[in-house]
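Please put together the full structure from these sequences, using the hints given.
So the sequence lines, in the order shown, correspond to chains H and L.
By the working numbering, the letter at position 53 of the first sequence is numbered 53, and the numbering carries on one by one without gaps.
By the working numbering, the letter at position 59 of the second sequence is numbered 1059, and the numbering carries on one by one without gaps.
The set of hints was computed from the structure by calculation and includes no laboratory data.
Every residue gets a Cβ at the ideal spot worked out from N, C-alpha and C, and that includes glycine.
Heads up, a few of these hints could be off.
Computed list of lysine-lysine pairs in PhoX-like fashion (alpha-carbon distance at most 20 Å, straight line) [what the hints assert, rightly or not]: (1) L/Lys1039 - H/Lys43; (2) L/Lys1103 - L/Lys1042; (3) L/Lys1103 - H/Lys43; (4) L/Lys1061 - L/Lys1103; (5) L/Lys1045 - L/Lys1061; (6) L/Lys1045 - H/Lys43; (7) H/Lys43 - L/Lys1042.
Using C-beta positions, here's what the derived DEER-type ranges look like [claimed, not checked]: (8) L/Asp1105 - H/Ser53: 36 to 44 Å; (9) H/Val5 - L/Gly1068: 33 to 41 Å; (10) H/Ile58 - L/Gly1016: 41 to 49 Å; (11) H/Ser53 - L/Ser1026: 25 to 33 Å; (12) H/Ser117 - L/Pro1059: 37 to 45 Å; (13) L/Ser1007 - H/Gly16: 34 to 42 Å; (14) L/Ser1076 - H/Gln82: 38 to 46 Å; (15) H/Asp62 - L/Thr1069: 16 to 24 Å; (16) L/Lys1107 - H/Arg87: 34 to 42 Å; (17) L/Ser1076 - H/Ser56: 38 to 46 Å; (18) L/Ser1077 - H/Gly15: 50 to 58 Å; (19) H/Ser7 - L/Ser1076: 37 to 45 Å; (20) H/Gln3 - L/Ser1053: 20 to 28 Å; (21) H/Ala75 - L/Ser1012: 44 to 52 Å.
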Amino acid sequence: EVQLVESGGGLVQPGGSLRLSCAASGFTFSSYSMNWVRQAPGKGLEWISYISSSSSTIYNADSVKGRFTISRDNAKNSLYLQMNSLRDEDTAVYYCTRGSTTGRSDYWGQGTLVTVSS
Amino acid sequence: DIQMTQSPSSLSASVGDRVTITCRASQGIGNYLAWFQQKPGKAPKSLIYAASSLQSGVPSKFSGSGSGTDFTLTISSLQPEDFATYYCQQYNSYPFTFGPGTKVDIK
Chain H
1 EVQLVESGGG LVQPGGSLRL SCAASGFTFS SYSMNWVRQA PGKGLEWISY
51 ISSSSSTIYN ADSVKGRFTI SRDNAKNSLY LQMNSLRDED TAVYYCTRGS
101 TTGRSDYWGQ GTLVTVSS
Chain L
1001 DIQMTQSPSS LSASVGDRVT ITCRASQGIG NYLAWFQQKP GKAPKSLIYA
1051 ASSLQSGVPS KFSGSGSGTD FTLTISSLQP EDFATYYCQQ YNSYPFTFGP
1101 GTKVDIK
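Printed below as a string of structure tokens:
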């Protein structure tokens, strides 16, 4: 069974940093691309970052470019999102998703809440 | 970036109703269109990919159609567990954009 478990969310002040993790199991992690998708409270879904299976290709949404860094450790079956220079508008539930061969999100984690507030 | 729109933004329906949701892309995306269902407080769940292919384990009451710029999600006979918000997403090119969602609630 595919499982994705996010962790690392919490309360952080504007301008601060946070690192999210996603532990993957139930599939060959090193064979799949991965994504981060977020959802602000009461709002819709926003794709923010993609990483290929070998980490050779990365895409980021303009809203996080230069502030967020996606990475992975295939030996640890883990995906990460380093978030710097956080803003109020980054407050959201952050989901990690597995990418299919076409990149679409086929499985989702349960999400981790990040709150940016002073 | 490709913009995605959905209509209606919300609808009220009764158990047993046939429901259709429309998604439109601002430019052609072939069939690179997925549909997701999200219930309150839960993660989204994949329903349809490649515009009309059913994700494994999803009941056949869900169906998708369309290509290019216009797509539809149909629920053939609405059941209590289907009341949720539905999102479309294009995955033709990055950034992979979502539609704003359609909330389906009980009439």
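Quick rundown of the hints versus the structure:
Under the criterion of a C-alpha separation no larger than 20 Å, the hint pairing L/Lys1039 with H/Lys43 is consistent with the structure, at around 13 Å. Restraint check: the Cα-Cα separation between L/Lys1103 and L/Lys1042 comes to about 14 Å, which is no more than 20 Å; the hinted pair holds. With a C-alpha separation of about 12 Å, the suggested pair L/Lys1103 and H/Lys43 falls inside the 20 Å cut-off, and the hint holds. As the CA atoms of L/Lys1061 and L/Lys1103 are separated by approximately 18 Å, the hinted pair is consistent with the 20 Å bound.
Annotation: proposed proximity of L/Lys1045 to L/Lys1061 holds, straight-line Cα distance about 15 Å (limit 20 Å). Under the criterion of a C-alpha separation no larger than 20 Å, the hint pairing L/Lys1045 with H/Lys43 is consistent with the structure, at around 17 Å. A hinted pair counts as satisfied when its Cα atoms are at most 20 Å apart, and H/Lys43 with L/Lys1042 qualifies at roughly 14 Å. In this structure the hint that L/Asp1105 and H/Ser53 lie 36 to 44 Å apart at CB holds, the actual value being about 39 Å.
At roughly 38 Å, the beta-carbon separation of H/Val5 and L/Gly1068 lies within the given 33 to 41 Å, and the hint holds. Taking the beta carbon of each, H/Ile58 and L/Gly1016 are about 47 Å apart, inside 41 to 49 Å as hinted. Distance hint for H/Ser53 and L/Ser1026: a CB-CB separation of about 30 Å, consistent with the stated range 25 to 33 Å. Separation of H/Ser117 from L/Pro1059 is about 41 Å and conforms to the stated range, judged on CB atoms against 37 to 45 Å.
The hinted range of 34 to 42 Å is satisfied by L/Ser1007 and H/Gly16, whose Cβ atoms lie roughly 39 Å apart. L/Ser1076 and H/Gln82 have their C-beta atoms about 45 Å apart, which keeps the hinted 38 to 46 Å range intact. The hint said 16 to 24 Å for the Cβ distance between H/Asp62 and L/Thr1069, and at roughly 23 Å that hint holds. Checked against the hint of 34 to 42 Å, the C-beta distance between L/Lys1107 and H/Arg87 comes to roughly 40 Å, which is consistent with it.
The beta-carbon spacing between L/Ser1076 and H/Ser56, approximately 43 Å, falls within the hinted interval of 38 to 46 Å. For L/Ser1077 paired with H/Gly15, a C-beta distance near 51 Å keeps the hint of 50 to 58 Å intact. Range check, H/Ser7 to L/Ser1076: Cβ separation about 39 Å, and the 37 to 45 Å hint holds. Between H/Gln3 and L/Ser1053 the C-beta distance comes to about 23 Å, which sits within the given range of 20 to 28 Å.
Take H/Ala75 and L/Ser1012: their Cβ atoms lie about 50 Å apart, and the range 44 to 52 Å holds.
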